[in-house]
Amino acid sequence: MLINYQNEKLNLEVRDYQGYTPLLTASYFDHQNCIRILLLNNANIRAIDNYGKTILHICIERRCQNALENCLTWIKEDVHSYNMFIKGDRHGNTILHAAAKNGSFKTCEILIDTIKYILLQTQLSSDNRNLFIKKYLSLILKKNIDKRTPIHEAAKIGNFSMLNFFFRIINNENITNEYEQNKITLCEDFDDELKTSLHLAAGEGKIKLIKRKRKIISLFKGHYEIVQLLIDQGANVWSCDMNESTPLHEASEHNRYRCVEILLHHHAPINQFDGKHNTPLHRASQYGHWKIVRLLLNYNADVRLTNCDGYNSLEVAILNNHQLTVHEFLNHKTWTKSLRNAQVQMMLNNNINSVYENLSTPLRKLIRYMPNEADEVFTRSMIEIGSSEDYSYKIIFNYEFLEDQFSIFKWKQSKYYFNKT
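Residue 156 in numbering that gives the first Met the number 0 sits at position 157 of the sequence shown, with consecutive numbering throughout.
Among the clues, some could well be false.
[Said to hold, decoys possible] Computed spacing ranges between beta-carbons, pair by pair:
#: 1; residue 1: Q17; residue 2: N242; range: 35 to 41 Å
#: 2; residue 1: C307; residue 2: R62; range: 45 to 51 Å
#: 3; residue 1: L9; residue 2: I85; range: 51 to 57 Å
#: 4; residue 1: P370; residue 2: F396; range: 16 to 22 Å
#: 5; residue 1: R62; residue 2: E12; range: 21 to 27 Å
#: 6; residue 1: I183; residue 2: N10; range: 50 to 56 Å
#: 7; residue 1: I183; residue 2: R61; range: 14 to 20 Å
#: 8; residue 1: Y116; residue 2: G91; range: 24 to 30 Å
#: 9; residue 1: G233; residue 2: E383; range: 55 to 61 Å
Calculated from the structure, these hints are not laboratory results.
In this text, all values refer to a predicted model and were calculated from it rather than measured experimentally.
We put the beta carbon where it would ideally sit given N, CA and C, even for glycine.
Build the full structure now, drawing on both the sequences and the hints.
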């Protein structure tokens, strides 16, 4: 090593184009012996690169577990190193943010143990545990540039073990009566889009590819375990983000079936409107998530509700050409309610200088875009009595949908009274 065999004094803080010192470079490549020698020769362990990252950020993001443990051992001997746990990088991410995104349960555990050791060494008092929980809460509630805490990041990425560890620390260390309030504080904190951790967990997930009968099928696996954990810890299923979306809106839009199940089981608002007056059923219909649509219908989602364009959920599915989703509406017991909607637009005919009505209903949309499904509605609108060979044979037609121009006023009137109630 040059440090051992050269007589001249070396500059251990020289930096490359990324702002890396030799110590930061050694940590990037997980060269533990180099890290040890550099630290023995008084290399600055608190050095940061051009992005504001410390050696701890680098070890965690590169998943260099052994190098991280060695660095934490040195940090315990330096009482001034506690600032490394508080200071964020250029994006405001502390090492707990980095651990939530990239680390494991073990990573989080040794970080918290080190933080606790330093705090108890530097600020001895009879109320040490309360001091620790206060400092710990300030760390896990510290926000980055997106106003997200480590709790948000763990929920978004699906880091269940770390999220569970965050809550367990409060449970184990808190000797006051503030435990329940602390849990609610962690669950209800929101980012710059007013999304809570439950929003992020419900809307995120991974795509799992499986092979079935020589076909590759993609399954969307949401963070349902985290959704359940957050609800158990007191997360509010009614919370809304800046677009008035609930966690159920997010799960329905992103096809997170298990998350939708859990949210519905805990009485999430199934008919809540977002900023564009879309319900979770509208969101699932828009993206063709027919299994989610079936689940919402079975939980009595209201098919009569319309968005700001005047469309109900069936019409949204038709206009986005989601045939399987349309089948779910037509095969459900509420299929007639789904067909009772209309948009009436007054149009000016310049040729004859007159005004006429441009009428659009769900059935008219089916005729235009999905004729086979429209034919099914026609069939259901007819009732055959007797056999075609019988003298008393007859066909009874239900003209409510076949001649819908005469039914629209009645639909609108009933919808008016429904909305008032």
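Structure-based check of each hint:
no.: 1; hint: Q17 to N242: 35 to 41 Å; verdict: holds, 38 Å
no.: 2; hint: C307 to R62: 45 to 51 Å; verdict: holds, 46 Å
no.: 3; hint: L9 to I85: 51 to 57 Å; verdict: violated, 31 Å
no.: 4; hint: P370 to F396: 16 to 22 Å; verdict: holds, 19 Å
no.: 5; hint: R62 to E12: 21 to 27 Å; verdict: holds, 26 Å
no.: 6; hint: I183 to N10: 50 to 56 Å; verdict: holds, 51 Å
no.: 7; hint: I183 to R61: 14 to 20 Å; verdict: violated, 35 Å
no.: 8; hint: Y116 to G91: 24 to 30 Å; verdict: holds, 25 Å
no.: 9; hint: G233 to E383: 55 to 61 Å; verdict: holds, 58 Å
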